[in-house]
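Participant: For reference, the chains in residue letters:
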Amino acid sequence: MQVKRFIYATIDNRSGKPDLAAYKAGGIDSAPLEIVCYRDIAAVVSTIDINQFGLGLPGEIANGEQEESHKARLLKYQQVNSFLFGQAGQNGMLPLKFGFTASNDEEVGRVLEQAYVQLRSYLDRLQGTMELVIQVSWELPKILQGIVKEKPELAGVDPVQAGRLLFEAAENKKRQFVAAIHGKLSALAKDCSDAPSKTEAMIFNRSYLVDKDKEQLFDDAVDAVATEFEDALTFRYIGPLPVYSFVNVELNQGNFAMVDKSRKILQLPEKASWESIKSAYRQLIMAYHPDKNPDDPQAAQRTKEVVSAFEIVKAYCQSLPGFGEQEKPPGEFSFAQEEVEKAFILDDKGAPLARAGRAGHPA
Amino acid sequence: MSKAIGIDLGTTNSCMAALVDGKPVIIPNAEGERTTPSVVAFTEEGQRLVGTSAKRQQLANPRGTICSIKRFMGRQWDEVAEEMAIIGYLVEKDEGGGARVRVEGTRYAPEEISAMILQKLKADAEAYLGECVTAAVITVPAYFNDAQRKATKDAGRIAGLDVLRIINEPTSAALAYGLDQADDQTVLVFDLGGGTFDVSILGLGAGLFEVKATNGDNHLGGDNFDKAIVDWLLAEFKREQGIDLATDPVAMLRLHAAAEKAKLELSTMPTAQLNLPFLAATPTGPKHLKLELSRLQLNGLSAPLIARTIGPIKQALADARVGAHKIDQVVLVGGMTRMPAVRDKVRELIGKEPRQDINPDEVVAIGAAIQAGVLCGEVKDVLLLDVASLSLGIETKGGVFTRLIERNSSIPTCKTQTFTTAEDNQTSVEIHVLQGESEMAAFNKTLGKFLLIDLPQARRGVLEIDVTFDIDANGIIHVKAEDIVSGNERQIRIEGGSGLAEDEINRMIKCAEEYADAAHRLRELADVRNHAEVLAAEIELSLNEYHDQLKESEAAEIALRIAALRLAIGSVDAREIRTRTAALVEAAQVLRYEEEEPW
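Quick note, the sequences are listed as chains A and B, same order. Using this note's numbering, the letters of the first sequence correspond one by one to residues -6 to 356. Using this note's numbering, the letters of the second sequence correspond one by one to residues 691 to 1289.
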């Protein structure tokens, strides 16, 4: 049995810990939930057996069927997050992407330490908010009948042409509906995010980020808009949920071999400032790029190496405290082994590093 | 030596430029215009027109006039519903699900129509530059996917051009602006053209143009603004006259033309008059449309469209990890950025006065010409480091899209990730290559599929299969899957999911060459005819004057040969005309008629 700590969420710890004992069901595979703190933030974790779980292994190539046990674990992950969300009250809580694990509590602590600035700012930004999902479907045949009634002249047009006009009119209607619904709701929300339609009939599947104290207002607006269109559309209103659609944090442990190799490709010393890293990168690109060396078959390969090396070095530097969004990152970054191994690389875009980082995992 | 040019193949207008003595200049077309309408027309007489002449006859020939073809490039028929609402010609679904234009019983691929535009540009550039044009850099919207890029490249090939590179329009604009920039800068390019909206963020420094992020809306452009005005006109007309013009294609085209004109006027004037007499006929007499549109009204009509630019801008800033305050320059591209409300929105969002000192209709072509110069070694101190504008990956268990290359990764690039099998003793895995931003494979675009077979027997999760994505500087994607233990490997080169097959392209290249030959022959015939007509007229004049000094038989022979030549001129046989001309000249020797220019 190979155990790991599965991290469900990061929570704000300033006004006391959540009452995990009250949550009898436990986490994935019924393991008890526990908490790991760092300063005023904390991670909620439970132990999993990764051999059972399949996580931590590289991704498995689709074979078309979804495993029931996987679904059950995903459901559990969502239930735990809903519970934490309920407990958080006006405090922020950040559901982490399903599948993030660490070797032990010490490593969880290091994750929180390294990513503290980013997690803290996420928590502050999302404090007191929730996610509300609106899914809207229509019955296309009914809509089409309506259009034909509005435009009786379509009957006279030849069938191909009429079909096209009908189709266009339906598309137009769809856009009008979406614009009308969104128009009524967007002012009450802080942000929104689209998810793909789940069925053919679904014309709208959008998550709204709403302040908790505006929930009633938002409910009323949804009611009003659902009533307005009740003849034509079916509304599904889901929530409140943890803000899944508005955080996308992935964390990866620093891989010294990879960062070190990348640093050497960029011909950098063991300590370098952000400016000198950028300038080294540019010089190498200008020198190696195939557009500058059309007759050199090695040019493309060398450029790719420089590009990937820079991505890795950049992600590493960005993960270090103090990088942030400031004008110029202060001081120099160290590429010493102990520094790199301590680092956790956080990427809220879904991570270029994540991929490379995983190469170091045992298969 | 042959020349490489830069071409901005636009939705409504195209533009070309080339380096002349190291400086980029716009190449005017044969009509002397700096931009060429991207319109191809097939007349009832079987003539093919491209550019202004095609656009001019659109009202009379709505079904045979193809405009906005760029909106159909590399798209499946199912994807183009919004486009169909705007056009007046017929688009059908072909056997493979692609969109095809049907005119006068002939089906054309969008690539073929685009190639006709490129062919004209190429011919006009050759005439202007006085040298052969064999290669080009062509620009596309940043948000074009692989299939759309491939289609554009194929259009170039069909037109007889070696497409050196497909580059993104906003990137190209930055190249045009940034040549003289020495300092580090962050530039936001806002490109609202005829059919698409693009936003790009670039870092400039020491000659390196590094694209940081691109985003956009493939379905947003000037055409949509025109349509908003047309919809308003339709509603007004219906309200006043009770007549719905939407089903009358000629009335619709007139409305579109009037809407576009009014939109342009409102960029400089507070109000525009729309005056369309005899728009409809009823038993009570003809109906006219006479309306006034104010800039304020237009702003109201276009507010929802302009609002659609905000999301992509915010996303691009987030992807590039820069705040709006860190943008040093804002560059406007595309005719739609002349609209004051659009400029106001950009200024409001970024908090900077946008630059527009290069003509927004020409700036993209200029950048493309510079990139052509870079690729030919003519421009030394500039390098464009482009990005993959959409994420790439494969389908993994549960229909999940696993990204290997994130959007906005610099190219060329190469990424490898290790995967494994999902079942015990699985003998093969299917690698389903996709492009897009959805977490679910089903919502992204399939680029290709291939099987890795003969896997050794093993429990699930044991085998290591390395999947490698490789994108070269041209954006061409290679995918390789390798079973590490056995060394068994398979790879594909992605050719664009819905693109044309190689033999189709070759057939189209041949057609285009034949057309070029035919056009060449027609010009030659016209020259021969002109010459013969002038000659016949001159000799006839001399014959009448000197008739008395000639023998009767000589005079009769000359008159006969004049008649024969005139008969030949009526035919299309250039050789026959030449023979008859020579014969007449010979007979006319007695008149001491000497031709000034020998044949």
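None of these hints come from the bench; they were simulated from the model. Quantities reported herein were computed from a predicted structural model and do not represent experimental measurements. We put the beta carbon where it would ideally sit given N, CA and C, even for glycine. Some clues are possibly wrong.
What the hints assert, rightly or not - In silico contact screen, one side only, chain A against chain B (beta carbon under 7 Å); selected entries:
(1) Leu68
(2) Lys69
(3) Leu159
(4) Glu161
(5) Glu164
(6) Arg275
(7) Ile278
(8) His282
(9) Pro283
(10) Asp289
(11) Ala293
(12) Thr296
Participant: Quick check on the hint: histidine 282(A) CB to chain B CB, less than 7 Å?
Facilitator: Holds, because the Cβ-Cβ distance from histidine 282(A) to chain B comes to roughly 6 Å (cut-off 7 Å).
Participant: Min Cβ distance, leucine 68(A) to chain B: is it shorter than 7 Å?
Facilitator: 14 Å, violated
Participant: For the hint on glutamate 164(A), just tell me whether its beta-carbon gets within less than 7 Å of chain B.
Facilitator: 5 Å, holds
Participant: Do the numbers back the hint for lysine 69(A), that is, is its least Cβ distance to chain B under 7 Å?
Facilitator: 16 Å, violated
Participant: Taking the closest Cβ pair, is leucine 159(A) under 7 Å from chain B?
Facilitator: 11 Å, violated
Participant: Given arginine 275(A) was flagged as interface, is its beta-carbon under 7 Å from a beta-carbon of chain B?
Facilitator: 5 Å, holds
Participant: Checking hints one by one. Is isoleucine 278(A) an interface residue toward chain B, by the C-beta closer than 7 Å rule?
Facilitator: 6 Å, holds
Participant: Using 7 Å as the Cβ threshold, decide whether alanine 293(A) counts as touching chain B.
Facilitator: Result: holds, 5 Å to nearest chain B Cβ.
Participant: Take the shortest C-beta to C-beta distance between threonine 296(A) and chain B; is it under 7 Å?
Facilitator: With Cβ-Cβ at 5 Å, under 7 Å, it holds.
Participant: Does aspartate 289(A) pass the interface check with chain B, least Cβ-Cβ distance below 7 Å?
Facilitator: 13 Å, violated
Participant: Quick check on glutamate 161(A) please, does its C-beta sit within 7 Å of some C-beta on chain B?
Facilitator: OK, holds: glutamate 161(A) within 7 Å of chain B, min 4 Å.
Participant: For the hint on proline 283(A), does the least C-beta distance to chain B fall short of 7 Å?
Facilitator: Holds, about 5 Å.
Comparing the model with each numbered hint stated earlier shows that hints 1, 2, 3, 10 do not hold.
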